[in-house]
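Asker: These protein sequence lines map, in sequence, to chains R and L.
Numbers 1 to 320, taken from our numbering, label the letters of the first sequence in order.
Numbers 1 to 320, taken from our numbering, label the letters of the second sequence in order.
Source of the hints: derived by calculation from the structure; they are not laboratory data.
Being a predicted model, the structure only gives us computed values, none of them experimental.
Glycine is no exception: its CB is placed at the ideal position from the N, C-alpha and C atoms.
Treat the hints loosely; a few may be bogus.
[Unchecked claim] As a list, the in silico DSS-like pairs of lysine-lysine whose alpha-carbon atoms are at most 25 Å apart:
#1 L/124 <-> L/308
#2 L/8 <-> L/159
#3 L/214 <-> R/113
#4 L/203 <-> L/159
#5 R/283 <-> R/273
#6 R/8 <-> R/273
#7 R/84 <-> L/113
#8 L/215 <-> L/26
#9 R/84 <-> L/26
[Unchecked claim] Just a few of them, taken from the derived set where beta-carbon distance is under 7 Å, the chain L residues facing chain R:
#10 52
#11 84
#12 87
#13 89
#14 93
#15 96
#16 100
#17 101
#18 104
#19 266
#20 270
[Stated by the list, open to error] Negatives, chain R to chain L, calculated, CB over 10 Å:
#21 76
#22 106
#23 114
#24 231
#25 291
Number of protein chains: 2
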Amino acid sequence: MEKQHLPKVVIIGGGTGLSVLLRGLKQYPVDITAIVTVADDGGSSGRLRNELNIPPPGDIRNVLAALSDVEPLVEELFQHRFNKGNNLTGHSLGNLILAAMTTITGDFVHAIKEMSTVLNVRGKVLPAANTSVVLHAEMEDGTIVSGESKIPFSGKKIKRVYLTPEQIEPLQETLDVIRNADLIILGPGSLYTSILPNLLVPKIGEEVSKAKAKKVYICNVMTQAGETLNYSASDHVKALYEHMNESFIDTILVNEEEIPEHIKSLYEEELAKPVHYDIDALKELGLEVITDHIVCYENSVIRHDTNKVAKLLYGILQQK
Amino acid sequence: MEKQHLPKVVIIGGGTGLSVLLRGLKQYPVDITAIVTVADDGGSSGRLRNELNIPPPGDIRNVLAALSDVEPLVEELFQHRFNKGNNLTGHSLGNLILAAMTTITGDFVHAIKEMSTVLNVRGKVLPAANTSVVLHAEMEDGTIVSGESKIPFSGKKIKRVYLTPEQIEPLQETLDVIRNADLIILGPGSLYTSILPNLLVPKIGEEVSKAKAKKVYICNVMTQAGETLNYSASDHVKALYEHMNESFIDTILVNEEEIPEHIKSLYEEELAKPVHYDIDALKELGLEVITDHIVCYENSVIRHDTNKVAKLLYGILQQK
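Next up, chain R with everything else stripped away, as it sits in the complex (with noise of 0.2 Å):
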């Protein structure tokens, strides 16, 4: 089929969620854009970001892996972190390589065209905006915590996120994406520091809201101390219209597996409990419930089964 006919999805959140749906939606004939956060304030890209002056790569380097296709040895170069090294450890050669080419072009959207060539990349990865933007979150108390990798760490219970600075464009080409989209994914992906960071930016989330696509909402399949402790489904998707001011959102996808009882202990050392599925409350918000076995374990680490969620979802486009 040729791409103008493909159904357009457009997958809306943060690097790792993102990346572990997209290996295997990739895999179906779909017409792939990823919109992708440029909060982070972290790690390799916390440093990149404050030193060279240009938005936070890594999560934009992560869903480029997940949608290139090429030798392996290629993608695990561009993935790969050093750990020796006084000065490079933590940094990921895939960040340098975009922070170079950022500084050589000027231009971060330009950097990221031309890495997604090189990398034979299937599909389009676009940020939500083309600079940094910083991520604020006011507390139940009142409290304002600015920095995405700050806002976990509080201890307090967050009432609501925002952007600085206020003046933020997106690109005509993500508004456009989105308008012309035949399914619309929000996640998998950290509600507050993930998903939310995208729909922020000025015009994105009213273009989200007003699409004529359907919109999926993959929920997270764990809460997150700090961002969503004791969340039920409902929760999420609660915290996500108000901020949007909106109900938007037709489809939740939910995982109805039960995680094996020493991976859950695992988990309740940081907090993290199996979200709980208030299929009720969902369904009174007038969400579609898909429920599902959609999980799978990577040395112990609770994750989406990329697989099964792209096989969901490209039924959801075949219904249509």
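For chain R, the structure is supplied; the task is to place chain L on it using the hints.
Answerer: What follows is chain L alone, placed relative to chain R:
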């Protein structure tokens, strides 16, 4: 012409001099192999060598870039040097890529071959050894200076240079290409710190000496403080012979173009002068002497004119 029928040219030296020459030579129908020193221990290369325990990548990087046939942006990326950022300053991206690839594959030569493919390199690039080597200089006063980057700053006259460890294995491939070469070119490059660190790798110097190929030495245009202060052209040749215990050069290429006064005075600030071409002494050494106008100027830096030198060298090949 198919590659197996092209004349085989082997070029021996360090990064900067070789890369200047190779940009011209790769335009000719020749099968190029560059043999490149691994004695560098300064700058970005030195830091990577020490911190990651890999051979110094910088000279190899320059030669790969010179022989590459890719879009200008990709070459610019490979050669990009980070000049901001506390920790990355001075590292060039190509060095970091070679470092990462060496760490992943565990093998510097393998990393170079992979990068040669990615960069569409026109020829073969071989390190003089697959490990780092340390260059030492015994000075006229008997003191020893260790480390390539320190040698030019001792303020003393070099008597001889040598490598450690004593057991260094060249690649069998390197010995084979030298043996089968139609033309072997030494330089251009620093006598003691770029050319000799190759010839002093056990077996490489011997193999060059006894090779059937015509051996051409491209003499430096200017003397270098700390290395070849006041050296005439024949002093350069004698230093090579003393280190190899043998007269092995057939032809010397020397510049006869007068260096403009304003450039000479810039070089004099660094105690560098035009090399005196003592033609009679060179002929007494049994050398064929080729003189021509073979320099050009890049921002007041004297370089061999890559097109003129390449043409002369190709002419030598055709005489055979």
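Asker: Tell me if the interface restraint on residue 104 of chain L is satisfied: Cβ within less than 7 Å of some Cβ in chain R.
Answerer: This hint holds: residue 104 of chain L lies near chain R, its Cβ roughly 6 Å from the closest one there, short of 7 Å.
Asker: Starting from residue 214 of chain L, check that the Cα of residue 113 of chain R is at most 25 Å away, please.
Answerer: violated (48 Å)
Asker: Taking the closest Cβ pair, is residue 93 of chain L under 7 Å from chain R?
Answerer: With a minimum Cβ separation of about 4 Å from chain R (threshold 7 Å), the hint on residue 93 of chain L holds.
Asker: So, as I understand it, the hint says residue 100 of chain L touches chain R; can you test that by seeing if any CB pair is closer than 7 Å?
Answerer: Constraint on residue 100 of chain L satisfied, holds at 4 Å.
Asker: Let me know if the C-beta of residue 101 of chain L comes in closer than 7 Å to any C-beta of chain R, holds or violated.
Answerer: holds (6 Å)
Asker: Could you check that no beta carbon of chain L comes within 10 Å of the beta carbon of residue 291 of chain R?
Answerer: holds (41 Å)
Asker: Under the criterion that the straight-line Cα-Cα distance not exceed 25 Å, is the pair residue 203 of chain L, residue 159 of chain L satisfied?
Answerer: holds (22 Å)
Asker: How about residue 52 of chain L: closest beta carbon in chain R under 7 Å, or not?
Answerer: holds (5 Å)
Asker: For residue 106 of chain R, is the shortest CB-to-CB distance to chain L above 10 Å, so the non-interface label stands?
Answerer: holds (12 Å)
Asker: Tell me if residue 84 of chain L is really an interface residue toward chain R, meaning its C-beta lies closer than 7 Å to one of theirs.
Answerer: Holds, about 6 Å.
Asker: Take the C-alpha atoms of residue 283 of chain R and residue 273 of chain R, compute the straight-line distance between them, and say whether it is at most 25 Å.
Answerer: It holds: about 22 Å lies between the C-alpha atoms, which stays within 25 Å.
Asker: So if I understand the rule, the pair passes when the alpha-carbon distance is 25 Å or less; does residue 84 of chain R with residue 26 of chain L pass?
Answerer: violated (37 Å)
Hint compliance for this structure: hints 2, 3, 6, 9, 13, 19, 20, 21 and 23 are broken, all remaining hints hold.
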